[in-house]
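Combine both chains into one complex, guided by the hints.
Quick mapping for you: the protein sequence lines, in order, are chains V and E. In this text, residue positions in the first sequence follow this note's numbering: the first is 1, and each later residue adds one. In this text, residue positions in the second sequence follow this note's numbering: the first is 1, and each later residue adds one.
What the hints contain is simulated information worked out from the structure, not anything from laboratory work. C-beta: ideal position from N, C-alpha, C; glycine also. No incorrect hints appear here.
Restraint ranges, calculated between C-beta atoms of paired labels, are given here: (1) Thr107/E <-> Ser66/V: 24 to 34 Å; (2) Glu161/E <-> Glu222/V: 53 to 63 Å; (3) Glu161/E <-> His169/V: 22 to 32 Å.
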Amino acid sequence: MRGIDLTVRRGEVFGLLGPNGAGKTTTVEILEGYRARTGGEVSVLGYDPAKRQIELRKRIGIVLQSGGIYSHVTPREALEHWASFYPRPRDVEEVLRLSGLEAKADARARTLSGGQLRRLDFALALVGDPELIFLDEPTTGFDPAARRDAWETVRNLREGGKTILLTTHYLDEAQALADRVAIVKDGRVLAVGPPRELMAHPPAHTPGAARYTVAYRGANGERVERQTEDPTWLLNELTNAALEKGERLEELSVGRPTLEDVYLELTADA
Amino acid sequence: MPDAVALTWRQYRLERRMFWRNPSAAFFNFVLPLLFLVGGGAILSGNQDDLDKLVPAIAGMSVMSTTFTALAYNIVFLRERGVLKRIRGTPLPTGSYFGGVAANAVTNTALQIAIVVLAGRLFFGIGWPVHWGELVVFVLVGVVSFAALGVSFAHAIPNFESTAAYVNAVFLPVVFVSFYAFDTASAPAFVRGVADALPLKPLIEGLSGAIVTGSSLASNLGALAVIAGWGVVGGWLAVRGFSWEGRRG
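Here chain E stands alone, though its shape is the one from the complex (with noise of 0.2 Å):
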């Protein structure tokens, strides 16, 4: 068991490391949701009320960028490179492998996390969360539930090349959606049933109540449920669906 232990920490090193150099992975994984941040804080900037929805509404959407959008990435390109199937081949214990590149994609989360907390407080007259707690857990399951629906979406995408088109046909209307009916309060009732039972509003909500409003975690257990049960799903296909190697011809 030590072997397996010391295999994930030297995984998960090597997946860092890789994650620096890579400019464009760098880029989408910290700066956009940063630059959404940035933006949105200066239209908004002297509206409190909408100052205090973009935090927390930045905060999940990083929280889906870093493990979702990321880890469908990654595992597409590995698996049509041959590196996946490589990697099979060798004595790393399969969960040491996974458990590298889970904790790659959670130290992600976290790192913008702290971002996001931080300006908050910094810049966006948000003080220091409210829950700790609170925000641990939704960031927990949050990730854990996005990174299962990554793994698991990656299996249907094709091939490398069609892997934008494909992440971005989930990511930007489950985000449109999820922002529009977060924000709004008078949107249609089909708009809120929609997004009410996909998982980034609820996650949104919780890390409202965690890093805002001071809702508590017992208020918000009908969202934390809702993650959690698309973090089932995805996790049963993840498994189930898992391929190791490109499809051939």
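So here's chain V without its partners, still in its complex pose (with noise of 0.2 Å):
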């Protein structure tokens, strides 16, 4: 880590994307409380992290990248119990129905498999009921269907008023979910800001992030693509030229910049 400067504002979803490596995991265990940071300030909820003070704890809810649980124990237990550590915890069995595991509420943790013991992670940080929630690469590992569910979870949990801390190596998710992003690499801050702000305004070092792609194929069948910061001057261009000679624009596309184009412009090696 070399210097992260970060506010995330209360309510919103606020996405951490980096390459592996970046500093992701060790920027969010410092705000867990995991790990002791070597130097700076930190604020969560007002609390020191670092203090691990009971009164913090209550009001965080965390889904570790790798969380383990009881072999034996039942979801329907195991939610019993963490829900026993908090002043206000929600009802179980709606978070049992909530994360979709009520036709395994009673089998034996051993017994269920990856993306279910994933919904149990996600029901045992929901359970107490956390204002802020921390979500360290949350659908690593899920089929599409499961990250659809995972990705509706969180967009409830926003209109639920909850704040949440995303780490992701997923663009798309990252735009999917995050009200406003930071791009890390190497333990800094490449970039800050909405998704869309990026796409559209990208980081002044990375020219080729704003560029449109406009795509076709030409009369002699061959395929074309040109990169353009404004498509408007370049689809008339092109579509007069097609009217004038009676062709077709075969499969003609406009496609605008994704904030993986930001991402991989910010994070490849100069």
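Next comes the structure, spelled out in structure tokens:
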């Protein structure tokens, strides 16, 4: 870590993006109170997480990248136990239903599938009804349907007024869920902002990131791809030329710059 | 504070439930020492002098297996599986967590000592313990010391797969040396020296005094001091070296 200066606002979903080894988990573990920082200031809901006060831990929920559970406990028992740690827990039956674990509520944890265990991770983090939730790579290893479910859960939490700090290396996930993202690499913040804004106005040193991609198949059957900062002008030129010649622009598409373009430009090794 | 006490109780109840649901843990903790007792009793039956030594020796071994062995296994498993890390992220007070875990181990010890004492009374021609108070003192100090040693030993075990090898590499030699030195007055001085310095033989001597021979607590203070000394070292190492997470990579 070389100095990360970030503020996460109440009620937002904040995405921490970066390649493996960028310092995402280290950052989050300092905020969660698992690691001591070597310098700087950290405030989580007004507390210093390094002091590990119980009052703070009553107000946060953590979904670890790989957190285990007793082999012989059932989801219902685990949730009832976890709920007893918190002053105002959610209803266990409700959490079981929302996390899609009703059918497995009384099965031993060791008989659950990977996806079901991940749902239990979410359920255990949410049963205390925390206001701030840490999600460390929450959908890694999920199939597409489970991923959509997890996204839905995150959106519902946000609607319920929760604050969420999400780390991910899936750019579409950050783009779909986060109100703001920070792109980190080598323990440094390279860019911060809403995904839409980063795409529209990427940082100055990422010239390639802002370009739209216009693609079509020409009259000779060859596929053409052109990059532009202003698709209006290029489209006008292309369509005019095609109309004049009486040709069609087959498979015409305009690709917007994505968060991935910004990300790849930023994290590319110079 | 009542909150922390209530949470300790809840943790204890969860630990009990998990213990009984794990057949192999229940076996190694309960059945194995009892098999030693039954097997040893069958071989030695008719020789009261030998039976008088077997019962306190098995009682001492039970204290060690329910605390040292069981805790080393449990803590390595929970640490490597990420359960400890998850618990650390919750508001469960650390004291409540370890209170529940320790109370679970103590329950197993108490149950085993009860079974061994009962078996001594019913089948091995040994009366009820001569000094109940001395029995309680030695069991308590033994439990605390061996539990602390088990927790600190967990720190030396790098992964769950090697736990059995690490634990048995300590447990079996300690048991053999201690049993041998306790049983054979003519054991070589070197062996006796080692056994007297380790915590198990002093524990067996104390238990023998309390259950069988009636030698008083005052006459076993030296043994008690050795066990307590290990407890202090174990406690220091347990707290200092404790790791909530498995090693990465």
